[in-house]
Each structure stands twice: as structure tokens, then as C-alpha cells.
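All chains, please: the whole structure from these sequences, using the hints.
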Amino acid sequence: MSNMQNLYLLVPMAPLVGAIAAGLFGNMLGRTWTHRITILMVAVSFLASLRIFQDVLDGHTFNGTVYQWMTSGDTRFEVGFLIDRLSVMMMLVVTFVSLMVHIYTIGYMRDDPGYQRFFSYISLFTFSMLMLVMANNFMQLFFGWEAVGLVSYLLIGFWYTRETAIYANLKAFLVNRVGDFGFLLGIGLVLMVFGTLDYAAVFATAQNHAHDMAPIPGVSWNLMTAICILLFIGAMGKSAQFPLHVWLPDSMEGPTPISALIHAATMVTAGIFMVARMSPLFELSDTALSFVMIIGAITALFMGFLGIIQNDIKRVVAYSTLSQLGYMTVALGASAYSVAVFHLMTHAFFKALLFLAAGSVIIAMHHDQDIRNMGGLKKYMPITWITSLIGSLALIGTPFLSGFYSKDSIIEAVGLSHLPGSGFAYFAVVAGVFVTAFYSFRMYFLVFHGEERFGKAHHAAHDAHDDAHAQHDEHHGLAPGQKPHETPWVVWLPLVLLAIPSVLIGYVTIDPVLFGGFFRDAIYVAEHHQAMAELKGKFHGAAAMALHGLATLPFWLALGGVATAWFFYMKRPDIPAAIKQRFSLVYAILERKYGFDEFNDWFFAGGARDASRFLWQFSDVKLIDGLMVNGSARLVGMFSGVLRRLQSGYIYHYAFAMLIGVFVLLTIRTWFE
Amino acid sequence: MIFGLPVLSVVIWLPIIFGILVLATGNDRNAPLARIIALVGALLGFLVAIPLYTGFDKMTSAMQFVEMRDWITRYNIHYHLGVDGISMLFILLNSFFTPLVVIAGWKVIEKRVAQYMAAFLIMSGLVNGVFASLDAVLFYVFWEAMLIPMFIIIGVWGGPNRVYAAVKFFLYTLLGSLLMLVALLYLYFQSGGSFEILDYHQMAIPMAAQILVFIAFFAAFSVKVPMFPVHTWLPDAHVEAPTGGSVVLAAIMLKVGAYGFIRFSLPITPDASHKLAGVMIALSLIAVVYIGLVALAQSDMKKLVAYSSISHMGFVTLGFFIFNAYGMEGALLQMISHGFVSGALFLCIGVLYDRMHSRQISDYGGVANTMPVFAAFFMLFAMANSGLPGTSGFVGEFMVILGAVKVNFWYAFLAAATLVFGAAYTLWMYKRVIFGAVANHHVAKLTDITLREKFVFVILALTVLGMGLYPLPFSEIMHASVNDLLVHVARSKL
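First to last, the protein sequences are chains D and A. Going by numbering that gives the first Met the number 0, 153 is the number at position 154 of the first sequence; the sequence numbering is gapless. Going by numbering that gives the first Met the number 0, 160 is the number at position 161 of the second sequence; the sequence numbering is gapless.
Don't read these hints as lab results, they were simulated from the structure. Beta carbons: idealized from backbone N, C-alpha and C, even for Gly. Wrong hints could be hidden among the right ones.
[Stated by the list, open to error] From chain A, some residues computed to sit far from chain D (all C-beta separations above 12 Å):
| id | residue |
| --- | --- |
| 1 | Ser8 |
| 2 | Asn26 |
| 3 | Pro50 |
| 4 | Tyr74 |
| 5 | Gly154 |
| 6 | Tyr185 |
| 7 | Ser193 |
| 8 | Glu195 |
| 9 | Ala207 |
| 10 | Ala218 |
| 11 | Leu445 |
| 12 | Met466 |
| 13 | Leu468 |
| 14 | Phe473 |
[Unchecked claim] Stretch-level coverage of chain A by chain D, calculated; a stretch enters the list once three of its residues show a Cβ under 8 Å from a Cβ in chain D:
| id | segment |
| --- | --- |
| 15 | 290-300 |
| 16 | 412-423 |
As C-alpha cells, this is what we get:
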């Protein structure tokens with residue numbers, strides 16, 4: 000057994016060793032050894048996770064302390080691992096995608112002067128993310144939570160000379176901190192009520208507090224509702240849920256490998272994982288679940304709309320990620336935690352694939368990211384083309400592919416939910432299918448099919464975003480007459496390796512994961528939340544589900560989306576322009592992303608700056624320092640100035656004063672007698 | 000015992016003797032010698048403090064390493080020294096920083112080297128004296144004496160406006176401490192002629208008197224911490240002080256004020272502390288939120304870190320006055336961590352200032368291009384200042400926030416705002432200074448940190464990370480003393 004415990008420790012420690020080696024000794028090791036060591040370490044971590052997976056399937060779980068962090072009063076704060084089916088699944092996803100991204104990075108960052116630094120960061124990220132998912136208590140969860148935020152900050156700002164990148168990374172960190180603000184208060188309430196931060200202890204006694212009121216003066220909330228909503232605010236930050244979603248699109252300023260690893264496959268799903276882990280708490284509050292479902296539904300639908308009008312290849316995928324995260328959140332709200340985690344897994348594969356494929360296209364296009372300058376790439380990049388097609392088909396939910404199983408289950412589960420808001424959520428996730436198919440295939444057609452628009456001397460349409468890129472990359476876009484090439488094997492191999500699970504994983508695993516009780520007691524569902532149980536009754540095998548799927552509304556919506564995209568962008572490219580003109584108001588709203596960025600810049604950033612300047616200049620400098628401190632100094636000065644004048648040095652002045660004094664004193668004395 | 004001498008006396012007087020030795024080297028012709036003697040003295044000062052930790056019995060809350068000698072028998076004044084699990088940590092912190100300050104000032108200070116080094120050594124000894132004193136008069140003497148070296152450091156080696164800043168610093172703190180003297184005299188007569196601080200802990204005092212004594216102590220300690228609204232001397236003092244002065248001011252001096260609250264205010268006047276806790280908590284939360292916002296507006300890096308210090312010290316006073324173990328231990332850990340982090344940040348600014356002779360954020364930009372190693376260290380300390388888990392900055396804030404939730408959710412709510420504000424002002428400054436394209440030809444000519452500077456940063460980085468990842472050694476040593484303190488605070492003395 001202690002062998003297994005060493006293995007548990009090995010999983011996060013191996014990437015940490017890689018990160019330290021690459022970060023501190025990267026220059027000494029050189030490029031080749033840096034990537035060899037870090038890749039080896041992540042591979043070790045992946046293999047160890049596989050072995051643990053096997054062990055967990057045999058029925059072994061583990062919940063224990065690694066070391067005691069500190070103690071205070073009678074509370075022990077510890078760093079420890081909880082190895083059950085939920086965490087081991089996350090460990091596999093994280094280490095596998097991380098391994099793919101590590102390999103891919105060799106090709107993508109080949110010419111970058113920060114090569115070793117980059118490897119150090121992504122290994123450090125892998126370590127942090129593993130600590131997050133393996134945690135057995137809230138404190139360590141928060142540790143990992145903030146640590147992945149740190150690495151995300153470092154990686155978004157990886158190209159730190161770009162003004163847009165360092166704006167985006169600060170924004171990402173601060174928006175996440177707003178989420179963490181709620182998260183930390185939630186943890187505080189947990190500690191106060193339960194007296195411990197250990198998952199097992201908290202979950203075991205959660206039922207006893209189901210009807211308590213929250214100890215928040217002036218507010219009469221149910222305790223569990225308060226805790227769950229506060230915790231979920233943390234998830235809204237990390238998993239980019241409306242209205243804290245604003246940082247994720249901007250995070251695309253970071254290099255593409257990390258967009259795949261951090262901002263699609265793993266870190267942004269930490270919020271989903273967290274809520275699933277907290278299912279024994281969330282199940283006790285229908286209000287919180289409703290809240291979760293509505294937030295998720297808004298994100299799923301409205302972020303999808305924004306994907307339609309993006310022209311930057313990475314931003315299309317980013318909005319798609321936002322929308323898919325919304326899907327997962329909706330599933331959580333419907334108490335279909337296992338479905339959410341299932342979608343998390345399938346999404347990790349096909350979205351990492353789509354991002355890495357986008358990166359492959361970007362390499363081939365010499366760092367031009369505007370899909371309007373692409374077209375017809377399928378001829379030049381067959382592997383990228385096929386894998387992208389697979390990824391897109393999986394994303395839109397084509398029957399038999401992985402995305403179909405997870406997404407269809409979400410839609411079904413939401414349809415079976417009876418919580419307030421489930422009607423809206425159902426509408427949002429169904430309508431979202433059309434939107435997803437439309438923006439995915441709009442991008443697909445514009446990039447891989449149609450007229451070859453690249454290689455024209457200076458492209459007509461450059462928005463501000465592209466200009467920022469132009470500053471950084473000396474070779475921006477293909478020169479006239481230049482043709483794109485398929486990327487080297489280190490780039491396409493991960494695409495192929497990710498394409499395989501994107502196709503198969505849903506078909507193979509849906510039965511055990513969703514209906515075979517795979518998660519056992521890692522996920523708890525209250526008895527009155529029926530969705531999963533009813534879903535199980537409807538399920539008659541993966542193949543039957545796919546065949547049945549052909550006859551349902553979502554399939555036809557997806558097909559409609561693809562067909563519309565084909566018609567608009569292949570057949571009649573004049574239509575989108577006409578629509579844009581006709582509905583210019585709608586277009587402007589989408590163009591400005593519903594105005595969130597402007598509002599936040601004006602209200603929060605600008606407001607804080609103005610308030611701080613006012614408080615400093617007026618209150619601190621004028622009032623406290625000017626009036627009170629220096630004012631009292633001046634007062635003393637004035638007073639002593641007057642006193643000084645009295646001391647004239649002339650005897651007759653003093654004699655006169657004395658005479659007056661004696662006279663006054665005598666008068667007072669006679670007065671009182 | 001060290002060579003047959005009592006540890007605490009050695010810890011106090013050894014740096015002072017070395018300071019006098021350094022002074023004896025005279026003018027700047029002998030500057031190299033002065034530096035070496037100062038370094039030896041500072042290192043020895045740290046070495047002799049280590050037995051305090053290794054020989055410490057963490058199971059008891061009683062004073063340890065006690066020394067008791069007659070001093071002025073006529074007034075029953077003793078040379079009484081001793082440490083508990085709280086004061087011992089601060090003596091270590093102080094002794095730890097003295098060598099770093101000497102090394103940091105090694106090349107930078109070129110004029111009056113001997114006097115500069117001597118001032119720091121003597122101050123180090125005096126501050127140790129403050130933490131180790133168990134006699135009120137002895138405490139008061141050390142307390143006032145330590146002002147003098149700092150006054151000189153700011154006034155002589157400071158910036159252009161140094162005289163204003165030094166006088167402001169001196170008057171502000173002196174005014175407060177005079178009221179403390181009045182309170183101590185009251186306690187002396189009330190106790191029937193004792194200057195023993197520990198006697199005061201046991202002594203019954205009527206409510207009205209407690210409140211007055213509390214206010215008198217408050218005047219002395221709140222200025223030192225500093226708490227809102229008596230904080231305005233700190234930004235000025237920091238801006239004008241040389242790097243070493245800022246480091247000691249932030250890392251050590253502010254802690255002395257906070258220490259006063261737990262050695263005097265809380266145990267001597269527990270009922271008044273409870274009665275006035277609301278005010279104290281309000282002032283602390285104003286410090287966290289309001290000062291956090293004010294920090295955002297700063298264009299001078301040192302001022303920004305100075306305001307950030309005030310904001311972080313708000314957590315300390317908040318932790319004290321919520322009267323539970325989380326809060327108290329969190330506050331103490333926050334004090335230690337703030338010492339490391341703010342000291343490191345002032346050293347970072349010093350590194351930039353030595354090269355560019357400017358503290359204005361707008362004069363920088365893109366420093367990462369020319370000083371990548373420095374940028375990495377600065378990043379770590381900036382993150383620690385933002386309270387990132389895994390760094391020491393997280394531990395105290397986390398504990399205080401947890402403690403505050405227990406008392407009143409809204410206290411915690413306001414305190415947790417630092418998660419956003421602290422990150423905003425620190426990382427916004429970092430962004431403008433370090434990130435971006437090279438801003439001007441001065442930045443283009445910058446050279447990365449030297450081996451000497453790297454050495455200082457490595458030590459601080461290891462401490463910050465070590466305390467963040469494993470704070471247990473710090474917290475377990477204070478448990479007994481904190482529990483004892485909480486018992487004292489909970490017991491009415493009316």
C-alpha cells in the first residue's frame with residue numbers, strides 16, 4: 000500500500016521537478032535537454048496516473064495526509080490526497096493533455112527565446128493542477144486554485160513586451176481574484192460551521208446542517224445556499240462563467256499550447272470539477288443549483304453567439320470553450336454531475352485538439368490568425384485538416400463521436416430537471432447546438448475550404464488586435480506566392496493522438512461513467528433530484544443512443560447549423576455581409592461583446608482609479624496630513640509665534656504684566672470672599 | 000548561555016558593541032574595514048539569536064531565557080529580560096534582517112559608511128531590547144532609544160526632503176510614546192510600585208482607568224503600526240529613507256507597534272479592549288480597504304509599498320481584536336511574513352533605484368527585457384504581497400479572514416477585499432515597471448542583479464516560500480503563548 004502512496008506523490012512531484020529543472024537550470028540544460036526532462040517527467044506522471052487508475056478500478060481509494068501545514072486552535076490544516084474515481088479521472092485527463100501539449104510545444108515554440116521558461120511554466124501548471132484535483136481538503140484546493148491562476152497569469156503574459164498580452168494577464172488575474180474572493184469566504188463559512196476543512200468530515204456531517212441559517216448578520220439565507228453560492232462564485236471566475244467570463248477571450252494572447260492546455264482542457268474546468276466534488280453540499284440547496292443552472296445557461300447560449308462573429312481563429316475556439324463550459328455548468332445545476340464531468344473529459348480531448356490544430360494552422364500561416372486570410376488549407380495540411388474536422392464534428396455533437404454522448408446527455412438531463420430555471424436552461428442548451436454547429440463550421444469552411452485568400456500582399460482587413468500581433472512577430476502572414484506547409488511531426492502527432500479519444504472516448508465510456516456508477520460515492524445525488532435516474536432508464540447502450548440521436552431535434556439543429564454555415568460561407572458569401580448590414584445593431588452588440596469590457600473598464604477599473612485618486616489626494620493628503628498633521632504643527636507654530644512676541648526682553652514689559660497679574664488675582668480673590 | 004553569558008543580553012548588546020566598534024573606524028578612508036566589522040557583527044548577532052529558537056520550550060507559555068538584575072533599586076526598576084513564543088520570533092526576524100541590510104548597503108552607501116553601518120547595528124540591538132524587556136522602564140528606554148538611529152538614518156542618508164520626513168517621523172512617534180509613559184506611571188503607582196510588565200497582566204483595574212490606559216497605549220502603538228488615521232508619517236518616511244532604512248522600518252519597526260498591543264494593551268486592559276474592539280476593528284478594516292485603494296493611486300513605487308504595508312498591517316490589528324486563535328496566530332504570522340515580503344519589496348525597489356535613481360513608476364517599463372533574473376525575484380515577492388498561496392503572504396491573511404468569519408461575516412467580507420485590491424495595486428505596478436517593451440534608453444542600459452544582490456534575494460525568496468509551504472514551525476512555537484494571551488484577554492479584570 001505504501002507503494003501506491005509513493006506513486007500518488009510521484010504524480011504531482013514529477014512535473015514539479017521538471018518545472019524546477021527547466022526554470023532554474025534551463026540555460027545550463029539547453030533547449031533539447033529541457034524539453035526531454037520536462038516531457039519525461041510529465042510522461043512519468045501520466046504513467047503513474049494510469050497505474051493508479053487501474054488500482055482505483057480494483058476498488059482501492061485513498062484519503063490521507065501528506066504533511067501538516069499548520070495548526071491553529073484545535074484545527075489542523077493539512078496537505079493531503081483524496082484518490083477516488085473522480086480525482087483519478089481528472090489526473091488522467093490532465094496528465095494526458097499536458098503530455099500532448101508538452102510535445103506539441105517543441106514545434107510551436109521552436110524559435111522562441113523563452114523556450115525553457117515556457118516548459119518550466121507548463122510543467123509548473125501541471126503540478127498545480129494535479130495538486131488541485133488530488134486535494135482532500137478545501138485549503139489545498141484553494142492552493143491549487145490560486146496556483147493555476149498564477150501560472151495562467153504568467154503564461155498569458157508570456158510575451159511580456161506585447162501591450163495586449165500584459166493587459167490580458169492582469170485582467171485575467173484580477174477577474175479570477177474576484178471569484179476567489181467569494182470562494183475564500185465560502186471556505187471561511189465551511190470552517191466556521193464544520194470546524195474542519197477536510198472534505199470527508201465536512202461531507203459526512205453536511206446533512207445535519209441542511210436547514211441551518213447562514214451566520215451572516217442582516218441576511219436570512221439558508222446556510223448551504225450561502226456556502227454553495229460563494230463557492231460557485233469562485234468557479235465562475237475560474238471556469239469563466241457569466242459575468243466573470245471576460246478574461247477568457249483575452250487570455251488568447253498567450254501562446255497557443257497553453258490556450259489548449261490551460262484555457263480549454265484543464266484549468267478552466269477546475270470550477271466544474273470543484274462543484275462536482277462538492278456535490279454533497281450543492282445537493283442540499285435547490286436555490287444554489289438553480290443559480291448554477293441559470294448562470295451556465297446564459298454562458299452557454301450568449302457566449303456561443305459571440306463565436307459567430309469572431310475572425311481570429313483562436314477567439315472562435317475561445318468563445319466555443321466559454322459556451323461549452325456553460326453546458327457543463329448547466330449539467331451541474333441539473334444535478335447531473337457525472338454528465339458534467341463526462342463532458343469535461345470529452346471536451347478536454349476535442350477542444351485541446353481544436354486549439355492545437357488552430358495553432359498548427361497559425362504556424363503554417365506564419366502567425367496570421369485571421370480566418371478571412373485563410374481558405375483552402377486542406378490541400379496543404381491534410382493531417383491538420385482531417386483532425387480539425389474530427390474535432391469540429393465531435394464538438395457539434397455528431398452521433399457516435401465523443402461530443403455527442405456528453406452533450407446529448409446534458410440536454411436530456413436538463414430536460415428532466417424540475418428546478419426553477421430549467422425551462423430556460425433547456426432552451427439555451429438546445430438553441431446552443433445550432434449556434435455551435437454554425438460557428439464551428441463557419442471557421443472550418445473559411446480555413447480549410449474555398450478560395451485561397453492567403454499570400455496576398457498586405458491584407459485588407461486588419462483589426463487592432465492583429466496589429467498588436469504584428470508588432471511581435473517579424474514574419475506576420477505568408478508572403479505573396481508563398482504556400483503553407485504541413486507542420487512537423489511534433490505538432491501533428493499530438494493532433495492525431497488527441498483525435499483518437501475525440502472519436503472513441505464517448506462511445507466506449509458512456510455506459511460505465513454515466514450509468515454504471517463509475518464515480519461511486521465520489522459524487523452524491525439527492526434522491527429527489529431524479530434527472531440521472533430517469534436518464535438511466537432511457538439508456539439502452541451507446542450504439543442505440545447514437546441511432547436514436549439521429550432522430551432528435553439537437554441532431555437536426557446541428558445539421559442545420561453546418562448547412563447554414565456552408566450556404567453562407569461557401570455558396571453565397573454575399574449573404575453574411577448583407578446580414579451584417581441589415582442587422583447592424585445586433586452585429587454591433589455582438590462586436591462589442593455585449594459591452595462588458597467597456598462597462599468593466601469604465602465602472603470597475605476607472606471607478607477604482609478615480610476613487611483611489613480622490614481618497615489619496617483629498618482624504619489622505621489634504622484632510623489627514625494637510626489639515627490634521629501639518630495643521631496642528633502650524634497651529635503650534637502660530638501659537639508659539641504669539642508667545643514669542645510676549646518675551647520682548649524689556650524689563651518694563653514684564654513689570655507691567657506682573658502688575659496686571661497681581662491686580663487680576665487680587666480681584667478674583669476679593670470676588671470670592 | 001553563550002560563553003557563560005546570558006543569551007538575551009548577548010543578543011541585545013553584541014550588535015551594539017559591534018556598532019560602537021564600527022564607529023571607531025572613523026571616516027570613510029576605513030570604509031572597507033567598517034563594512035567588514037559590520038558584517039561580522041551582524042552575522043554574529045544572528046548566530047547568537049539562534050539558540051533562542053533551538054533552546055526554546057514550546058510547551059510552556061512562561062517567559063524563557065529570563066534574566067533579572069537590579070537596576071535602579073530606589074524605584075524598583077530591574078534589568079528584567081525574557082521571551083515567550085511571540086517575542087522570540089521577532090527577535091529572530093530582526094536579527095535575520097540586520098546582515099541582509101548590511102549586505103544590501105555594501106556598495107550603495109559611499110559616504111559616512113561607518114556611521115551608516117553602526118546605526119543599523121545599534122538599532123538592531125535596541126529593537127531586540129524592546130522585544131526582550133519585561134520591565135516597563137527598560138522597555139520604554141529601548142523603545143525611545145531605537146528612534147534615534149532611525150531618525151539619523153532618514154535624516155542623514157535620506158532623499159531630498161529627508162529633514163521634513165525625519166522630523167515628522169520623530170514627532171509623530173514621540174508624541175504617542177509620551178502618553179504611554181503616563182500610562183506606565185499610572186500602572187506603577189496603581190500596582191504599588193512595580194514596573195514589572197507581567198505584574199500588570201494580573202492586576203485589577205477599574206473600567207474607566209482601563210479605558211484611559213488603553214487609549215494612552217493606543218496612542219503609542221497605533222502610530223507605530225501605523226493604523227489609520229495616524230499613518231501619514233509612514234509614506235513620507237519610506238520615500239525619504241535610504242533602502243536599508245525602509246527595509247528595517249517596514250520589516251521591524253512596524254512590528255514593534257503591533258507587539259505593543261499584545262504585550263500591553265490586550266493583557267493589561269482586557270475589558271477596555273473588548274469595549275473598544277469595535278473601533279479597533281473598524282480602523283483595521285479602513286486600513287485594509289481604504290489604504291488598499293489609496294495604494295492604487297500611487298505613482299511612486301516606495302509610496303505604493305508603504306501604503307501596501309499599512310493595508311497589510313490592518314490585518315494584524317484586525318486579527319488581534321477579533322479575539323480568537325485563528326485571528327491572533329494569523330496576525331502574528333502576518334507580521335512575520337510582512338517583514339520578509341515588504342523588506343524584500345523595498346530591496347527590489349532599492350535595486351532599481353541604485354541603477355536609475357528614480358522611484359517613479361512612469362520612468363520604468365520593460366525592465367524584464369534587461370533584468371530577467373531580477374524580474375523573476377520581483378515577481379515572487381509581488382505575488383507574496385498579493386497573498387498568493389504557497390508564499391508567506393497568504394498564511395496570515397488566510398487565517399485572519401477565517402478568524403473574522405467566525406466573529407462577523409461582514410468583517411471577513413471587507414477584509415477579503417484585499418484579495419482584489421492587493422493584487423491590483425501590486426501587479427499593476429509590476430506590469431508598468433517590469434513588463435512591456437523597453438521604455439527608454441535608461442532602461443535599455445540596465446544591468447541585471449549582481450551576485451551580492453542575488454544572494455540577498457535568494458535568502459528572502461527561500462524564506463518566503465518556506466514559510467508559505469510549511470508555516471507549522473512558526474505557528475507551533477507560538478501556540479502556548481497565544482493561548483495564554485487569549486486566556487488573559489478573556490478574563491475580566493474589573
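The hints, checked one at a time:
With a closest Cβ-Cβ approach of about 32 Å to chain D, Ser8(A) is found to remain outside the 12 Å limit, as its non-interface label requires. Remark: the non-interface label on Asn26(A) is consistent with the geometry, its nearest Cβ contact in chain D lying 36 Å away (cut-off 12 Å). For Pro50(A), the requirement that its beta carbon stay farther than 12 Å from each beta carbon of chain D is met, with the minimum near 24 Å. Separation of Tyr74(A) from chain D is adequate, the least Cβ-Cβ distance of about 32 Å exceeding the 12 Å criterion.
The claim that Gly154(A) is not at the interface with chain D holds, since no C-beta of that chain comes within 12 Å of its own (minimum 17 Å). Every Cβ of chain D is farther than 12 Å from the Cβ of Tyr185(A); the closest lies at roughly 25 Å, confirming the non-interface assignment. No Cβ of chain D comes within 12 Å of the Cβ of Ser193(A); the nearest lies about 33 Å off, and the non-interface call holds. In this structure Glu195(A) is separated from chain D by more than 12 Å, as the shortest Cβ-Cβ distance comes to about 30 Å.
With a least beta-carbon separation of about 27 Å from chain D, Ala207(A) lies farther than 12 Å from that chain, consistent with its non-interface assignment. No Cβ of chain D comes within 12 Å of the Cβ of Ala218(A); the nearest lies about 14 Å off, and the non-interface call holds. Leu445(A), annotated as away from the interface, keeps every beta carbon of chain D farther than 12 Å; the closest lies near 15 Å. A cut-off of 12 Å between C-beta atoms contradicts the statement that Met466(A) is not in contact with chain D; the least separation is 10 Å.
With a least CB separation of 8 Å from chain D, Leu468(A) falls inside the 12 Å interface cut-off, contrary to its annotation. Not every C-beta of chain D lies more than 12 Å from that of Phe473(A), the closest at about 8 Å, which undercuts listing it as non-interface. Coverage of the segment 290-300 of chain A by chain D holds [criterion: at least 3 residues with CB-CB distance below 8 Å; count 6]. Check result for the segment 412-423 of chain A against chain D: holds, 7 residues qualifying (beta carbon to beta carbon below 8 Å, three or more required).
In this structure, the earlier hints numbered 12, 13 and 14 are contradicted, and the remaining ones agree with it.
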